[in-house]
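Trainee: Relying on the hints, combine the two individually framed chains into one complex.
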Amino acid sequence: MSAAVHAGSQTFDCRMAFAEELIALARADERIVAVCNDSVGSSNLVGFATEFPDRLINVGIAEQDMVGVGAGLALSGYIPFVCAAAPFLTGRALEQIKADVAYSQAPVVLCGMSPGMAYGELGPTHHSIEDLSWLRAIAGLGIVVPADPAETRSAVRWAATSATPVFLRVGRFKVPAVTGERSFTFGTASCLHDGTDVTVVAAGTMVSRALQAAKEAAAEGVSVRVLNMSTIAPLDEQAIRQAMRDTRAIVTAEEATTTGGLGAAVAAVVVAERAPVPMRMLGVHREFAPTGNTAFLLEHFGLTAADIRAAAVELARTDD
Amino acid sequence: MLAADPRTAADWRRFRQQFADAGPERRREMLWERANQSRTTDLHMIGRAGLGHVGGDLSVLDILTTLFFAVLRVDPEKPDWPDRDRLVLSKGHTAGALYATLAAAGFFPAAELDTFAGPHSALNGHPNRVKVPGVETNTGPLGHGLPVSVGMAVAGRLAASSRHVYVVLGDGELQEGSNWEAAMTAGNRRLSNLTAVIDRNRLQQGARTEDTNGLDPLDDKFRAFGWDVLEVGGHDHLALLDAFTAPRGERPTCVIANTIKGKGVSFMEDRVEWHHKVPNAEQISAATAELAG
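Going line by line, the protein sequences match chains A and B. Take the first sequence: its position 213, counted from the start at 1, is 213 in the working numbering, and no numbers get skipped. Take the second sequence: its position 146, counted from the start at 1, is 146 in the working numbering, and no numbers get skipped.
Possibly wrong hints are sitting among the right ones.
Simulated pairs of lysine to any residue, SDA-like, Cα-Cα distance not exceeding 20 Å [said to hold, decoys possible]:
| no. | chain 1 | residue 1 | chain 2 | residue 2 |
| --- | --- | --- | --- | --- |
| 1 | B | K131 | A | Q105 |
| 2 | B | K131 | A | A163 |
| 3 | B | K131 | A | G140 |
| 4 | B | K221 | B | K277 |
| 5 | B | K78 | B | D11 |
| 6 | A | K215 | A | G302 |
| 7 | B | K131 | A | A139 |
| 8 | B | K277 | B | G140 |
| 9 | A | K215 | A | E299 |
| 10 | A | K215 | A | G292 |
| 11 | B | K78 | A | G77 |
| 12 | B | K78 | B | P6 |
| 13 | B | K221 | B | E231 |
| 14 | B | K131 | B | W81 |
| 15 | A | K174 | A | G292 |
| 16 | A | K215 | A | D194 |
| 17 | B | K131 | A | G77 |
| 18 | B | K277 | B | L51 |
| 19 | B | K131 | B | S121 |
| 20 | B | K221 | B | R251 |
| 21 | A | K215 | A | A310 |
| 22 | B | K131 | A | I138 |
| 23 | B | K131 | A | T164 |
| 24 | B | K277 | B | I260 |
In short, the hints are calculated from the structure, not lab data. Only a predicted model underlies this, so the values are computations on that prediction, with no experimental measurement involved.
In isolation and in its complexed conformation, chain B is listed as follows (with noise of 0.2 Å):
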């Protein structure tokens, strides 16, 4: 298990404390700056290891971003401090965007991102929450978050804690019914301390979901499993934040966060190739300019 790095808390802590304090369009700077350092990370991450999800992790990362810099109560410190807010990566595939984020944290040092997807590395092309502190549960085959999720959730509620679980979701994994058999228990049960991201990016490893197996209406499919549903762009980091934070009813939450897979990176955006292609030295460099700008 990898071990937290004081100093980078430390600096997460600050910026959790001035994030509370500044106004809307400073909140808005601080996560657009963090979510895109995060971006050349992860690109860095990708090229050097020679493999990764770069489309997906580029989309994801201002769920992520927004979530573990403004939202989550936890602490990269005590990751396994019993009350505190569990987040579920459940599309694994874009571990290299949580590993940045939560070294960005202070969960682990940076330094060891340079070992990701390397021979005994902790940073395995999946997250292995034996190996990596702030991972909640291993991920990786789809359909795999909410149900674990949901029992994460039913244990919030019979231990009377307040914490939240959100699950993060690719929008391609919802075609594994194992979501829909978690969607429906999170609805009976009418678990309000449970709160689904759909990383709606509309676009699955060989085509658009609409093209391959379609997904819409998905507001209305999960309101019919009994959720309240919110539907926001999911890289405006003020919508995501009120969306994560609104007050909660007597229902699960479903946010869909119209994504754009690549975002950020001109030539990667919205484009299907970009699921795992791996960028070269050029194209990283270029990728890294435009996000800077």
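Extracted from the complex, chain A is given alone in its bound form (with noise of 0.2 Å):
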């Protein structure tokens, strides 16, 4: 296991990261375009735009037509990202996802721009919690959340050499630096923080925090593992198996709702096993959320690293 790794205090919006190495991927290879809803300046495509202005397919703010075009463009041979604002992406344009992206087996990548509760007080229309549960229901689709800005970089790359459709959460709430040199492997959950008596298993935003969690539980005696679950379809059920058997509870945490998000897969898993462990799942279950920021709408619904680490310490103090 990997020793731990630290939150650093500079933060970031992983779509800067996203723009540039789409760019980069654009430069070598002339298949990749990038289609977009109107979204140029919120998906970060004003620099792709400026130098591949042919490659840019802005249909406007048609979010079905986009994905059907993006579709049409990954059987044709090319290597669409598809990027729009997630919630939109993803609720307006689901059959198309469905049946167009999946079921078709067309490779294209949707990138769901500023996810979860990024857009904070534009309130629950604007926020994209749902479409992990959405997605998650959609055979052949994989689900892509990463956590910080070089484990964009790392899926875009990914990304881009995937036969198959996959779907990519490219948050703007900044996040701490946390996955060092790690590159991203699809399908593999990656372990920053070790520990034996819980096991926090998050995705994206949600990763620094369990780091910080793990930290403040080591200062009562709780040792915490935090497993990076960057990928969430298909999930890397056997890095939860283990989990179980080296620690004897499990928290998911996800910026997402806990229907269908990580926290449903996670626990899809555990119940299975002869012995399953305690568990608590950190999401939003079924409430709109208030007005507020981000950070704001992160506290109300228990996502920060203290509810974390009180999740924590409380399962493993519960089963002492």
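Mentor: Have a look at this one:
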């Protein structure tokens, strides 16, 4: 197991890393194209548009068309990165994602920009917390949630080579660098902090918070393993089963609904085992967010490092 | 994935050559016979399977036959040839008509048609590109074919390819808003390498289109979205051929093909109940006799 990686104080918007990496890829491979719904600015595609004007297909505010166009490009040998604010990409074009992309096996990279509650005060219409539940139900679609800029870059590079379609969450809410030199491996969790009492399985914005929680829990005598589960589908079931053997309980943390996202995916593995371990699923449960910025909303929904620590410590002690 | 039937593909190539060499009357006869053979095949498939969309199959078959037997630059033995023309059947519920046509062109053996809609058949009730050569994208939910075809046409442009993208839509499915998003994109991008063919049979599942959510004036709608529009008889093979191959301007082309749902079988023609009613053995034999006559 790896040594602990602690979050630095500097924080980053992952869209910058995404855009830089996409441009680098596009310079090397003319099959790389971007498709968007008027979101040139919010998807950070201005640089791409300047350098590759013919390879940016902006269909305007028309998400169903956008995803269909992406599928048509993929089926014609191109590598389309279809970029839009995550709530509209997934909510508005869900049937296109199902039929044109996943069922048709069109290797489109669906880039859900500013996911989770990144749009804070704009409210639940602009939050994308349902995406993981919706998309996890679709066969053949990979779901990737990078934790920081380095992992975003690595995931973008991998996605361009994927023969199967993928949904990539590209975070806007600033996060510290947590993954270090590790490169993203599709379908594989990475252990960012080892522990023996409780495992925290986290994704995206929750990973740095989980690491902080592990540090705080250690001060209370509870040893926490932190798994960065950057691939939500297909889930690294082996890593979950290993956590069940090595630790006594599991906490999941995600900026998404608990009805069908990471927590539900992990739980499905846990309950299928002969000796399940107790779990706590942190996330949003059947509630539309009140007004407030992202930091406030994460606090409101119990998604701070302190909340993760409390869940882990409680589970460790209950089980003693 | 099903594999090509080389003998039938050779017959298809011969047909294409003879068609190219023939005069108008013979051309008309050739496509008429070919389409009616597919109609008979389709009726038997539906009878065997106990399901299907017979009315729309019969209305679209002259369009599909003209495309595959006189227009499309495709090779049934090389379905992945990158510069092939694309044919997207947006009205995926008429998969039976597409399967009968593809089998007749040798994309896969005709014997496979006997499995239509059976357990584990490659021939699902709606077409699947992963299983059936000649199918370009999976359709079924309405309003999906045009956006995907726009993507294919954009790809053709980026690749500087001369390939053309044809997409066949039902008229009823134009009630889906996604079509108009895509129509706007195609018009704005001046995708002259794209042709949308509307199977304008004026019936949808439960009633006439104009009594449900009217589409007329359909030609003006497409023109307003930046398309060139041609209106032809949808069972007049030579008129369809002309419309499909006429020199293109700078805009995408919409061919409104005026058709009759259930075409070729008198008791099914223009009758709403034959949207997906399954003919019994007697009806199939009566229909077959009419189509042979």
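Trainee: When you check the alpha-carbon spacing of B/K277 and B/G140, does it fall within 20 Å?
Mentor: Cα-Cα ~18 Å, so holds.
Trainee: With the threshold set at 20 Å, check whether the alpha-carbon distance from A/K215 to A/A310 stays at or below it.
Mentor: holds (12 Å)
Trainee: Check whether the Cα positions of A/K215 and A/G292 lie no farther apart than 20 Å.
Mentor: Roughly 28 Å between the alpha carbons, so the hint for A/K215 and A/G292 is violated.
Trainee: Are B/K78 and A/G77 close enough, with their CA atoms no more than 20 Å apart?
Mentor: holds (16 Å)
Trainee: Quick one, are B/K78 and B/D11 close enough, alpha carbons at most 20 Å?
Mentor: Holds: B/K78 and B/D11 sit about 15 Å apart, inside 20 Å.
Trainee: Mind checking the alpha carbons of A/K215 and A/E299 for me, to see if they're no more than 20 Å apart?
Mentor: With a Cα-Cα distance of about 19 Å, the restraint between A/K215 and A/E299 holds, given a limit of 20 Å.
Trainee: Quickly compare the C-alpha distance for B/K131 and A/G77 to 20 Å and report which way the hint goes.
Mentor: holds (19 Å)
Trainee: Taken at face value, is the distance from the CA of A/G302 to the CA of A/K215 at most 20 Å?
Mentor: Holds, at roughly 18 Å.
Trainee: Taking 20 Å as the top limit, are the C-alpha atoms of B/K131 and B/S121 close enough?
Mentor: holds (9 Å)
Trainee: For B/K131 and A/I138, compute the direct alpha-carbon distance and say whether it is at most 20 Å.
Mentor: holds (19 Å)
Trainee: Does A/D194 sit within 20 Å of A/K215, going by the straight-line distance between their CA atoms?
Mentor: Answer holds: A/K215 to A/D194 is near 11 Å, not above 20 Å.
Trainee: Is B/K131 close enough to A/A139, meaning Cα to Cα at most 20 Å?
Mentor: holds (16 Å)
Of the hints listed earlier, those the structure fails to meet are numbers 4, 10, in rising order.
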